[in-house]
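Given chain A's structure and the hints, the job is docking chain B onto it.
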Amino acid sequence: MTIAYLALLTAMLTTATPLVLAALGEVITERAGILNLGIEGTMYAGAFTGFLGAELFGSAWWGLLIAIVAGTLAGLLMAVLTVTLGVNQHVAGIGTTLLLIAACDFTSRLKYGGGTLPQIPKFGQLFADVPVASQFLLTYLTFLVIVPAAWYALRATGMGLKLGAVGENPEAADAAGISVARVRYAALAIGGALMAMGGAFLSLAMLGSFTLNITNGRGWVAIALVIFARWRVWPAVAGGLLFAAVDALQLQLVVTPEFAAVPREVMIALPYLVVIIALAVSGRNLRYPGAYLQSYRRT
Amino acid sequence: MIPSPSDRPGRGDVPAPGSLPPASSAGSAGFPGPSVGYDVAPGPGASAGSRQPGAVPLVQLHGIRKSFGDLLVNDGVDLTLLPGEVHALLGENGAGKTTLMRILYGLTRPDGGVIEIAGAARTIASPGDAIGAGIGMVTQHFSLVGRMTVTDNLLLSRAGAGRLDRRAGRRMVAAAAERIGVHVDPDAVVEKLSVGEQQRVEILKALSRDCRVLILDEPTAVLVPQDVQALFASIRLLTAQGIGVLFISHKLGEVSEISDRVSVLRRGRIIDTVPTAGATPARLAEMMVGRPTVGVRRDDRDEAGGAGGSALDDAQPPAAPPKDVLSVRGLRLAGRGKEALAGVTLSVAPGEIVGVAGVSGNGQTELVQVLCGLARPTAGTVTVNGIDVTGADPEKVIAAGLGRITEDRHACVVGKLTVAQNLVMEDLPRFRRGPFGVFLDRAAIRAHAERLIEEFSIKAKPDDPISTLSGGNMQKVLLARTLARDPVALVVSQPTRGLDIGATEFVHRQLLARRAAGAAVLLVSEDLEELLALADRIVVIYEGALVGELPAAGADIERLGLMMAGQGAQSGAAA
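Which chain is which? The protein sequence lines are A and B, in order. If you're matching positions, the first sequence starts at 1 in this note's numbering and goes up one per residue. If you're matching positions, the second sequence starts at 1001 in this note's numbering and goes up one per residue.
The following block holds chain B by itself, in its conformation from the complex:
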């Protein structure tokens, strides 16, 4: 079946296809030994590189159940992973994908259900058990020790108490890197590597433990397009070696490209498992969301109508471009080591959405902080509506007409205060009464909240503590708070991160409505699809400087990706 790497010991039970291995194998979790507790016998005629429907499944999940409090996140999930296949697990945020995989990897304990590995039921109570069973997982937040080298990170799971054999460790890194067709410096300190490289180290780690099952939890969320292609190439190499890959995603395009089969998860249940070849993206999206979906896009593109597109129908492209409402000149900000912002100049006209693209950590956060009055730049100016607000307090920035939606929505609300109180937090002077305005007009605050809850269809009552709201509803509260002041300029950062499709569409529609109403919108996002759908122009930020600009219409994703990786040439106009 597989050209077994020479360093892998050939012991372990060898069950005939379809039959259970001896019971003893179930208990023999070698911890943290290098060998796998099982090995799948080569089926006659099975060729390397293709999935093998006749082979013993690597993993079978039967009726996995898990609830957190009242919330049922996995409701009797069945799933089968075959050797050599990429099995995608598709679903919205909160559908239960990650919980299911955490159960398989021993990070979460299921309430019920059976996990079978190579045909034998097994208890996986800890990641150690999972590793012993030949399962590797790359989580969204990497489990790497940043200050250690690649080699030490690989040695971590197999080291005993005694002397470390770092020379053997380096060989192990090289051998694993060869299996996924990349080169990795074994002595590089992990925190100095790019996100894509760190992800590779995670995969190497799993491979170095002889995993036969590789779980990738939203692996592309943090990658630039080129890194995504490299990852897919690595995945294909691995499946050719007989490894089964569980690929978690909510991106249809990727799932169609890389997977052999798709299981769609919605509200903790598997809706269906289908071969990817026969499934259209529209059908998958409908299974995932439970209803047909419409993409929300800015109106100069093809589809403006459709269900729920009311905000778009009357959206008109701005007439003559008037003077810029939001203007930034030569902005600099000192950072740790190098400059966080190295001379950013950009301007946003009324009725325009300018998208800021870039891999996270290239100065987006700092740019937004400076614009919102949360950080004082070392050089440069910021003007809103002609008013200089460089280094001004948030209060002055808001007064100048800037609306702010920053990336960490939990940092923008006071969790213990109610929805109504959070809604007026930036606008208290309007709700004062009594001598010297020492009292708050609670009736007005409540009425204000009820109006906004209605207008923004927030699923909450005015007196609910805001910490009890879901991410989508919390984001709606923040939108409502900001937009209620009718800002002339908006700075929006990662507005739909972690939101489901419905809430994302709502946020997108609101932003387009502000654009139609003539506001200048600066949209910072790591989601390229979002930028391409909403922005008029896209600028690319790399290491604190803007390295390129493209009109969003007909933007070349390949080129955008290169610029995000710092390789694009300086350019004004685009193809």
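Looking at chain A on its own, in the form it has when it is part of the complex:
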């Protein structure tokens, strides 16, 4: 049996991009103390609005911009629910996901009926002939700009310090003159934008169109990755790469004769199994952010 390692690496980086973006967004919101279960819906909305934007304006860049706006709005919706209204974060998040997926599907049916959706202008790959390096610009941006910038911002800037304080001990942050609500709104907006970028990557780069269930649970995987990474940036990236590597591997194995007897469904489940095992192994003695799941009210 031979594995095409270069192809594997190439596919891994591409597949990991939306996961890493979404996990990064979730790291930011959870560090502020908000579990954003709206992540799956936000990615889905990013994929759909990105597709709509690209079709409407004839440019993938316009699609990406509109997806970012949509993700920011989705994050702000979560913020209104959980920060301003103090709704239970599980309920608000699941509600947001259900609402956004249903709204996207509904709009897609209205606009395109039940038929196949049109192809849209999609992002091209850079260095198309070079193995591994032939990636979408967004993948380069994610790994070389967005991730290091987020890491630096969380670690070494006032924004990051305030974010961490709000998520650990909102009373202390409040007493230090920091607006807990403002920081959480900002975290959810930025996090939502990143999640939607991850979703838009699916429609604008990988697929060049939109299909129902395009995110296929990637948001939930990102949630697991964040816990696996213990709310740190680089381990979240590593987790995303691990999942993507197993996913790329199973795609290769499916077509190798040695594994012909293994049902395709088992192979598809493989990366998800890896996530579950990784969580089970690493998920003990976790220390959650101090204000995880808690809304803050000044007493």
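Don't read these hints as lab results, they were simulated from the structure. Each hint should be verified, as a subset may be incorrect.
Stated by the list, open to error - Okay, the calculated beta carbon distance ranges per label pair:
| # | chain 1 | residue 1 | chain 2 | residue 2 | range |
| --- | --- | --- | --- | --- | --- |
| 1 | A | 277 | B | 1141 | 51 to 59 Å |
| 2 | B | 1338 | A | 103 | 51 to 59 Å |
| 3 | B | 1388 | A | 281 | 37 to 45 Å |
| 4 | B | 1141 | A | 217 | 40 to 48 Å |
| 5 | A | 217 | B | 1189 | 47 to 55 Å |
| 6 | A | 148 | B | 1415 | 29 to 37 Å |
| 7 | A | 268 | B | 1329 | 46 to 54 Å |
| 8 | A | 107 | B | 1174 | 45 to 53 Å |
| 9 | A | 148 | B | 1141 | 36 to 44 Å |
| 10 | A | 140 | B | 1415 | 55 to 63 Å |
As the list claims (entries may be wrong) - In silico contact screen, one side only, chain B against chain A (beta carbon under 8 Å); selected entries:
| # | residue |
| --- | --- |
| 11 | 1131 |
| 12 | 1147 |
| 13 | 1156 |
| 14 | 1280 |
| 15 | 1281 |
| 16 | 1505 |
Said to hold, decoys possible - Selected chain A positions facing chain B (Cβ under 10 Å, derived; list incomplete):
| # | residue |
| --- | --- |
| 17 | 105 |
| 18 | 108 |
| 19 | 148 |
| 20 | 150 |
| 21 | 152 |
| 22 | 156 |
| 23 | 164 |
| 24 | 165 |
| 25 | 174 |
| 26 | 177 |
| 27 | 178 |
| 28 | 258 |
Cβ coordinates follow ideal geometry from the N, Cα and C atoms, glycine included.
Frame of chain A, contents of chain B only:
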């Protein structure tokens, strides 16, 4: 006046003493800028280190009013704080001290009244406003982010959005630490520090924002005696630098020691403001409580009589020491990281109160949990009245004759159930009737409740939901429930935490009455005064092990404090 630290910008309005600064200063709350919006001009001849009666007051409160629902907690409070003075705010729990200070710090909004800072009226709607006005506060629950370093905690309030200058932050920590005469590692993670050190970080935080007014809310409640002395030394250094300190306390001894003036608060009103030098502790206590008080002590000490000492008068010291009723051997319990209990051995004889002293978090909670059947020890045995109850269910522990008063009284009641229902909760078999005992005898439950309410003078009706009771009355319900079963041994943890003087005296009297009746009492408390007043022997717990034992009579507080800090030598007998 003050040797102003070089890093403090000298701008700000400089009003002449007694006159108001220009109106513009009132609105210029630099947020969260490093400068203070005012500066008091140096008065002629004012020497550093003494309070300056002629100077412009740092803070003046006029007619502060605040009510929560029907409860009036601040009823027209006036207060003046001068530069360089320690102004104590003395009062019982619920007198309104903390609310008043929270209003000054912008954590609570007043219903009415005026706050003047350096002679100018100011609206303080948030802690940010208070910080901008040069006010710092150390609350009872620290406002620190445990997982961050000391430096990051200090940077939190002044950081913008951009890159953090941690090097400057470390310098800031060092400079502030020097002002209070301590050394603090700027890179220490706060949650790894002791409580006393964390409190220092809180003070550093306030100083790093150039506060001129420092509010300390019951700062000594969590400290061992040595830390209290260190804190007082720091306070004296600060007042010498012209800072005004508002010191909240209900402990008379401390107030007498550290303050220049005392304001006594009772039921939301200032009873009087007096210079500390001329006020006797007895007079202050009377102002605070509204009546003369008697200390409740065990009877082998001097004053056994006095008003309300009825339970004490017939209390006799036990005759020949019989066998131990409560006995613990080699108790171990695993904890997070290190052992929560590392081999505790102790025994309590009938008619004896054994006090367990220690700084909170050294295994007291776990010891009580194991004794009460709430945690299963990893090694060791517990016997009550000769019956082995190691790791037994609470039901068996109670059946063996152990009465339990644990530290979290809210966890021991069901808030929505009535007083009567809570009173029988540990004793249901006695109130069953009907076939197979499937029904409860409600009439008997009610009668039982009425009897106990009378006996323990609980201010409630049998059908009141217990969540509506005050802390003192709730504690009386728990006492009544436990003592009604006439236990041979009692495990009592922090029985008077948060109670006012009246309720505290009642609880103390009840415990002494059980001692007189021959029960073995293990009393866990963080209040040294309480232990010294009630216990026959005091054992000290440190990091899950008993590190020393002293007879309470004539116990040396200094030595007790050292042992609580883990520095006392192993000792059997005491001086």
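We went through each hint and held it up to the structure:
Look at residue 277(A) against residue 1141(B): about 40 Å separates their beta carbons, and that is not inside 51 to 59 Å. Judged by the Cβ atoms, the range 51 to 59 Å given for residue 1338(B) and residue 103(A) holds: they are separated by roughly 53 Å. Checking the proposed 37 to 45 Å range against residue 1388(B) and residue 281(A) shows it holds: the Cβ atoms sit about 40 Å from each other. The given range of 40 to 48 Å is respected by residue 1141(B) and residue 217(A), whose C-beta atoms sit roughly 41 Å from each other.
The beta-carbon spacing between residue 217(A) and residue 1189(B), approximately 37 Å, falls outside the hinted interval of 47 to 55 Å. Residue 148(A) and residue 1415(B) have their C-beta atoms about 51 Å apart, which leaves the hinted 29 to 37 Å range violated. Residue 268(A) and residue 1329(B) have their C-beta atoms about 59 Å apart, which leaves the hinted 46 to 54 Å range violated. Evaluation of the 45 to 53 Å hint for residue 107(A) and residue 1174(B) yields a failure: the beta carbon distance comes to about 60 Å.
For residue 148(A) and residue 1141(B), the Cβ-Cβ distance of about 37 Å falls inside the hinted range of 36 to 44 Å, so the restraint holds. A C-beta distance of roughly 58 Å is found between residue 140(A) and residue 1415(B), which places it inside the suggested range of 55 to 63 Å. The closest approach between the C-beta of residue 1131(B) and any C-beta of chain A is roughly 5 Å, which is under the 8 Å cut-off, so the hint is satisfied. Checking residue 1147(B) against chain A: minimum C-beta separation of about 6 Å stays under 8 Å; hint holds.
About 4 Å separates the beta-carbon of residue 1156(B) from the nearest beta-carbon of chain A, less than 8 Å, and the hint is met. Because the beta carbon of residue 1280(B) sits about 37 Å from the nearest beta carbon in chain A, more than 8 Å, this interface hint is broken. For the restraint placing residue 1281(B) at the interface with chain A, the shortest Cβ-Cβ distance is roughly 33 Å, beyond the 8 Å limit, so the hint is violated. With a cut of 8 Å, the hint placing residue 1505(B) at the interface with chain A is violated, because the nearest CB-to-CB distance is about 30 Å.
Because the beta carbon of residue 105(A) sits about 38 Å from the nearest beta carbon in chain B, more than 10 Å, this interface hint is broken. Proximity of residue 108(A) to chain B is violated relative to the hint, the smallest CB-CB distance being about 39 Å (cut-off 10 Å). A cut of 10 Å between beta carbons decides the hint on residue 148(A): the least distance to chain B is about 14 Å, and the hint is violated. Restraint check, residue 150(A) versus chain B: the minimum CB separation of about 14 Å is more than 10 Å; hint violated.
This hint holds: residue 152(A) has a C-beta 9 Å from the nearest C-beta of chain B, less than the 10 Å allowed. A least Cβ separation of about 6 Å between residue 156(A) and chain B falls short of the 10 Å threshold, and the interface hint therefore holds. Satisfaction of the interface hint for residue 164(A) is found here, the shortest Cβ-Cβ separation to chain B being roughly 7 Å, below the 10 Å cut-off. Taken as an interface hint, residue 165(A) checks out: its beta carbon lies about 5 Å from the nearest beta carbon of chain B, inside 10 Å.
The interface hint given for residue 174(A) holds, since its Cβ lies 6 Å from the closest Cβ of chain B, which is under the 10 Å cut-off. About 4 Å separates the beta-carbon of residue 177(A) from the nearest beta-carbon of chain B, less than 10 Å, and the hint is met. Taking 10 Å as the C-beta contact cut-off toward chain B, the hint placing residue 178(A) at the interface holds, the least distance being around 7 Å. Interface hint status for residue 258(A): violated, as the beta-carbon distance to the closest one in chain B is roughly 47 Å, over 10 Å.
Of the hints listed earlier, those the structure fails to meet are numbers 1, 5, 6, 7, 8, 14, 15, 16, 17, 18, 19, 20 and 28, in rising order.
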